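Assembling the complex is the task here: the two chains are given apart, and the hints tell you how they should meet.
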Amino acid sequence: DGGITQSPKYLFRKEGQNVTLSCEQNLNHDAMYWYRQDPGQGLRLIYYSQIVNDFQKGDIAEGYSVSREKKESFPLTVTSAQKNPTAFYLCASSSRGGESYEQYFGPGTRLTVT
Amino acid sequence: SQQGEEDPQALSIQEGENATMNCSYKTSINNLQWYRQNSGRGLVHLILIRSNEREKHSGRLRVTLDTSKKSSSLLITASRAADTASYFCATDRKGTDSWGKLQFGAGTQVVVTP
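Protein sequence lines, in the order shown, are assigned to chains A and B.
Per the working numbering, residue 1 is the first one in the first sequence, and the count goes up by one each step.
Per the working numbering, residue 115 is the first one in the second sequence, and the count goes up by one each step.
It cannot be assumed that every hint is accurate.
Here are the simulated DSS-like pairs of lysine-lysine, each with C-alpha atoms no more than 27 angstroms apart in a straight line [stated by the list, open to error]:
1) B:K140 - A:K57
2) B:K140 - B:K215
3) B:K215 - A:K57
4) B:K140 - B:K184
5) A:K57 - A:K71
6) B:K208 - B:K140
7) B:K183 - A:K57
8) A:K57 - A:K70
9) B:K183 - B:K215
10) B:K184 - B:K208
11) B:K184 - B:K170
12) A:K70 - A:K9
13) B:K170 - B:K140
14) B:K140 - A:K71
15) A:K83 - A:K9
16) B:K170 - A:K83
17) B:K170 - B:K215
18) B:K215 - A:K70
19) B:K215 - A:K9
20) B:K208 - B:K170
21) B:K170 - B:K183
A few chain A residues that don't get close to chain B, going by computed Cβ distances all over 12 angstroms [said to hold, decoys possible]:
22) G16
23) Q17
24) N28
25) G42
26) R44
27) Q50
28) S65
29) S67
30) K70
31) K71
32) T114
These are computed hints drawn from the structure, not numbers from a lab.
This one's a predicted model, so the numbers in the text were calculated from it and none came from an experiment.
C-beta: ideal position from N, C-alpha, C; glycine also.
If we strip away everything but chain B, and leave its shape as in the complex, we get (with noise of 0.2 angstroms):
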């Protein structure tokens, strides 16, 4: 089963606006990050934030955790056409055998209109 849960499953805006997507997680964790996807290609890194880290910026990008409710959020803003793509949060669990092992919900599509 996966591990996080994204909300929504999909979004559409226009160009400048904020665009906001959630994920949930069922477990303890070390580290949460979050993922682009463009429409057929690989993953590409976003931002990590650690489970003491509340909140982390990167750009346009705000990542905020909250290890109380299992829940992260991805802020994009002042959107453009090019951050059309999927977005995925993914989860290190925290006693799993192996580091790096991450679990990956089912994805944010969105979609920004000029």
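Chain A on its own, in the form it takes in the complex (with noise of 0.2 angstroms):
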């Protein structure tokens, strides 16, 4: 089955610590990208890789860092320099070039910080 996973699905961590998010996909795609969800809110994009070795920041990269070491893997570490982390955090991936650019999502990862 192909698809993009995230793990764990619900992760509480203490004030302080850092905490890294797991993404992996199998469906062969180049693209990755990271978005953090607050209540009632859109998305907003943390991180995103298009290519192994390589990344980019989003609009709200502070606090967060990333590595693309493989192209099935993305994971995310939510520092403690991350003023609010806690939030609903979404993996999502897409293949490069072709006509269309559409992202397939992961289930989500809840954080709560205390």
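Written as structure tokens, this is what we have:
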């Protein structure tokens, strides 16, 4: 079954701790994205990557870091520098080239920091 | 800031009725996409309309695009309880340095009652 997996579904952390959210895809997509969603709001782009070993900051990158060592994987680290990390985090991927740039989303990770 | 703004914020209808929601955006686009999100889940791509297209259909969905007014509408005909979800428009802005980098609106929450 092709798709994107995110783990864990729910994550609880204490303030001051770094936490890493996992995102894996087996769609052979070149591009991957991390979004943050707050209640009643749309998605805001944190980081994106078009190709292995390369990534760019999105609109709200401060306090986050990523890596892209493999095509299939794009983990997101929420650092202690992120002022308000409690949110729903969504990972997505899309293919490179072609006519359609639709994005395929994972099920999300809900992070709660207390 | 968000590129797309959906209207209305929330919509409540009965099964069998049509649901219409609108999206306005600010800058020129390559394409506009609509996504659905069930509560607490990832987003699912519904339809993509390119800037040179005016109308597109997919099953019970009809999307229009008016680039002169910088607006789009999504019509769901003969709604079902399973259509209960939040609907987001997302734009792929012209002139951005990376394809596939979407800007999402805040969404329209649709509730369909039996």
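Output the indices of the hints that this structure fails to meet, ascending.
7, 14, 16, 25, 26 and 27
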